[in-house]
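A.B. asks: Since chain D is already given, all that's left is putting chain U on it; use the hints.
2 protein chains.
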Amino acid sequence: MEVCGEEGMAGREITLKNCRYVVRDHKVIEENIDILIEGRYIVDIGRGLGGGDEIDCREAIVLPGIVNAHTHAAMWIFRGLFDRGELHEWLKNVNKAEEKLTPRIVYLASKIAMLEMLSNGITAFVDMYYFPEETLKAVKETGIRAALGPVLTDEVVEEGESEKLVKSFIEKTKGFSRIKTVVNVRSLYSVSPETIREASKLTQKYDLDIHMHVSETRREIYLCKKRTGLFPVEYLNSLGVLNKRFILAHLGWVTSWELSLIKDKNASIVHCPASDMKLATAGFFPLRESLDFGINVGLGTDGAASNNSLDMFREMKVAVLLQRNNYWRTDIGERDVFRMAIENGYRILNIKGGVIEKNNVADLVLLDVKDLNLNPLSRRNVLSNIVYSANGNNVIATFVGGEIVYHREQKEAIYHSITDTLEEIQECINEIA
Amino acid sequence: MEVCGEEGMAGREITLKNCRYVVRDHKVIEENIDILIEGRYIVDIGRGLGGGDEIDCREAIVLPGIVNAHTHAAMWIFRGLFDRGELHEWLKNVNKAEEKLTPRIVYLASKIAMLEMLSNGITAFVDMYYFPEETLKAVKETGIRAALGPVLTDEVVEEGESEKLVKSFIEKTKGFSRIKTVVNVRSLYSVSPETIREASKLTQKYDLDIHMHVSETRREIYLCKKRTGLFPVEYLNSLGVLNKRFILAHLGWVTSWELSLIKDKNASIVHCPASDMKLATAGFFPLRESLDFGINVGLGTDGAASNNSLDMFREMKVAVLLQRNNYWRTDIGERDVFRMAIENGYRILNIKGGVIEKNNVADLVLLDVKDLNLNPLSRRNVLSNIVYSANGNNVIATFVGGEIVYHREQKEAIYHSITDTLEEIQECINEIA
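Keeping their order, the protein sequence lines are chains D and U.
Per the numbering used here, the first sequence starts with residue 8, numbered consecutively.
Per the numbering used here, the second sequence starts with residue 8, numbered consecutively.
Derived from the structure by calculation, the hints contain no laboratory data.
Just so you know, even glycine gets a beta-carbon here, dropped at the ideal spot from N, CA and C.
Check each hint, because a few of them may be wrong.
[Claimed, not checked] Not the full set, but computed from the structure, chain D residues with beta-carbon under 10 angstroms of chain U:
1) V50
2) I84
3) L88
4) L98
5) K324
6) N333
7) G340
8) L379
9) V389
10) L390
11) N392
[What the hints assert, rightly or not] Residues from chain D that keep clear of chain U, each with C-beta distances beyond 10 angstroms, as calculated:
12) E38
13) G182
14) E241
Just chain D, with the same shape it has in the complex (with noise of 0.2 angstroms):
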């Protein structure tokens, strides 16, 4: 596969003609409206506009691009492998799968689940896992905006090979502005606090982010707490590497605290219910006073072994329905979850999009307004059908900065070109199991 042009699409001109419903943001939805884009923004929205390839979007709602914001796209290879046990438990289950694991089978498997989250509307992701060059390569062969970058060890930075590491990683990134690098530490209770030192020294040194586990079971904080004193937000904070760079990714025990210090420092939290839920970790993320404190708070599906889906869509229907169950209110709903897996996912991104307006990039979706799970379907309930019933398979659509990089049309296509790799994948995952 060809790698997806960035600079060739500079001129192109794309309309999307008369849309049903257009899906601003959380908050504005409009009727029978045109968007023209233009390389790789958006550059109108209105009525009667035109102009290049004109798409007609009579049964389409088009919404922003959807970012899984915290993922492990090769974990793909492992979906419906491990479904039982704790997460600790499950955790023992997994690290020896991968063992396995070279970096083909990553590239392959992470190829894999980038072309499925395109098919579910998802334009962006935000990854950790092994051989992080193997699903960049991917990255670069499948159009998807992506976060992505090398996992500091003890090992690698008693080397003194941290830098060296994140400089190879962002050499290999240049002339891709749809791709960044992050770095990424597994968790608290895998390294020294020298390596979490060190990541963010080079996060601050290169302008990158800083992407990490934090509070995820119950075990974690006893750990923590024991060896330090302190819960992992307060043990982060002491350590003087909290900041807007710093991505939290689960948080599942948290307390109020804590909370402020993420609010003060300006850090991102990502919310993983379904992986949590499954993985039966059992906390009580507190997202309404999270987003009351306004930290920006994004949604991720976590990797395909705990999820096991890769659908945003479900994904933020579970946020809201862990929520109301967890606390017996019904204050967490359509909005706030569509602006947390969209607007907000952009955030942590830091680029200008989740919401359609000029000069945004253009990562947009078609949804097809002929599925029944999509009606009844009028301005009012739109937000809703697509919180609480829409599925990653009512996808029409998918843009990237300007490009169609998925479209239905090409998915039996897209099966039949990738029958070899599952059969090599499968032939892996047999010497796993």
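C.D. replies: What follows is chain U alone, placed relative to chain D:
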């Protein structure tokens, strides 16, 4: 639309050839095998079968039809209208809206809900709503299997009209083996004990099921305890109505001694996790305990007004997620919920189905192995993928009683055939909202 035939099909043969996977039940999975259907029944499963219309299933997973064991089909019209408020507050708004409903609207909305359910692989549902004879008309036309019937109220019972109502409904279902009459009672708090006793008497006299919302909210428990000194299931037992024909929907709040009563009397429960969560009823339904007791627990979406989806694949997953979150354990898994949604559903209906074996009804669902969310796919994870990653739009075709009642090739045609209906429904919605 013409009524789907009952008798004309008797001799027709269909062979599902070379099914990639056949999920015969929650334990047995076979590969590359044929299924022979004759008339309404499965007559053989094996290799080298043939006869009648042959359908190439090399790219399909075949599973038994799914039972939505508690819903209100016509509430499809309210999808996305009432998404806030805990159950009792929500119910006030819905009840007000229901005043605008006409028999015709119930007919139209329930019919589209059935088309949607069929497109999601649901072959049967248990219904409770106003104007049940309108829903019945739609059941006859769509070819879906259903259990539905009149809702007994104090008014009807006081006027001595209840038996007439039930008899007249039974009369209307004659000649349709796929349709069963049930006697519906809304809830403990909406009727007098006499009405519940009368409903039970009629079900015994006419060999029917009784279907009732029980123990949905803590307020309901409180009111029952205050009024009667008993918990709801204890109270039903004291009325002498609890028996194997009793279907208790929801039961979010239940004590272990009530579970014992349910077990002793051989009644069934229908769990509705997504609706309960969305309405913040917040119960801890003890699913593991109920199943270990040997109680027959089915699964339902509830109506589209509260879920808002009618997708039982998603419901299966949500059931697992809820249990794992509430109980901090992973002892509910894919086999449990698959069994609930399928095998236990057919037990509730008292129909030989829910398992792919000889002489069972040919209620079957075909899923597309080419959909990326069902991959990687092997015998090892096919059940997991169905439960944790599938959605209704993976369905290729749905068979009820040996007849193809939905094929995705009809999707566009279905939508275009109902555009007038959708407009008529939207007019009614506009009056409501």
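A.B. asks: Let's test the interface hint: is any C-beta of chain U closer than 10 angstroms to that of L88 of chain D?
C.D. replies: Where the cut-off is 10 angstroms and the nearest Cβ of chain U is about 6 angstroms from L88 of chain D, the hint holds.
A.B. asks: Hey, does the G340 of chain D contact hint survive, CB to chain U under 10 angstroms?
C.D. replies: 6 angstroms, holds
A.B. asks: May I ask you to test the interface hint for N392 of chain D with respect to chain U, counting a Cβ-Cβ separation under 10 angstroms as satisfied?
C.D. replies: It holds, given that the least Cβ distance between N392 of chain D and chain U is near 5 angstroms, below 10 angstroms.
A.B. asks: Was E241 of chain D rightly flagged as not at the interface, with every chain U Cβ beyond 10 angstroms?
C.D. replies: 24 angstroms, holds
A.B. asks: A closest beta-carbon separation below 10 angstroms is what the hint needs, so does L390 of chain D meet it against chain U?
C.D. replies: Constraint on L390 of chain D satisfied, holds at 8 angstroms.
A.B. asks: Does the nearest C-beta of chain U fall within a distance shorter than 10 angstroms of the C-beta of L98 of chain D?
C.D. replies: 13 angstroms, violated
A.B. asks: Against chain U, run the beta carbon of V389 of chain D and see if the smallest gap drops under 10 angstroms.
C.D. replies: For V389 of chain D, the interface hint holds, since the closest Cβ of chain U sits about 8 angstroms away, which is under 10 angstroms.
A.B. asks: Take a quick look at G182 of chain D and tell me if its Cβ sits farther than 10 angstroms from every Cβ on chain U, holds or violated.
C.D. replies: 28 angstroms, holds
A.B. asks: With a cut-off of 10 angstroms on the beta carbons, see whether L379 of chain D makes it to chain U.
C.D. replies: 4 angstroms, holds
A.B. asks: Given N333 of chain D as an interface hint, is its Cβ closer than 10 angstroms to any Cβ of chain U?
C.D. replies: 8 angstroms, holds
A.B. asks: Does the no-contact call for E38 of chain D survive, Cβ to all of chain U over 10 angstroms?
C.D. replies: 13 angstroms, holds
A.B. asks: Should the hint that V50 of chain D touches chain U count as held when the rule is a Cβ pair under 10 angstroms?
C.D. replies: 32 angstroms, violated
Going through the hint list in order, the structure does not satisfy hints 1 and 4.
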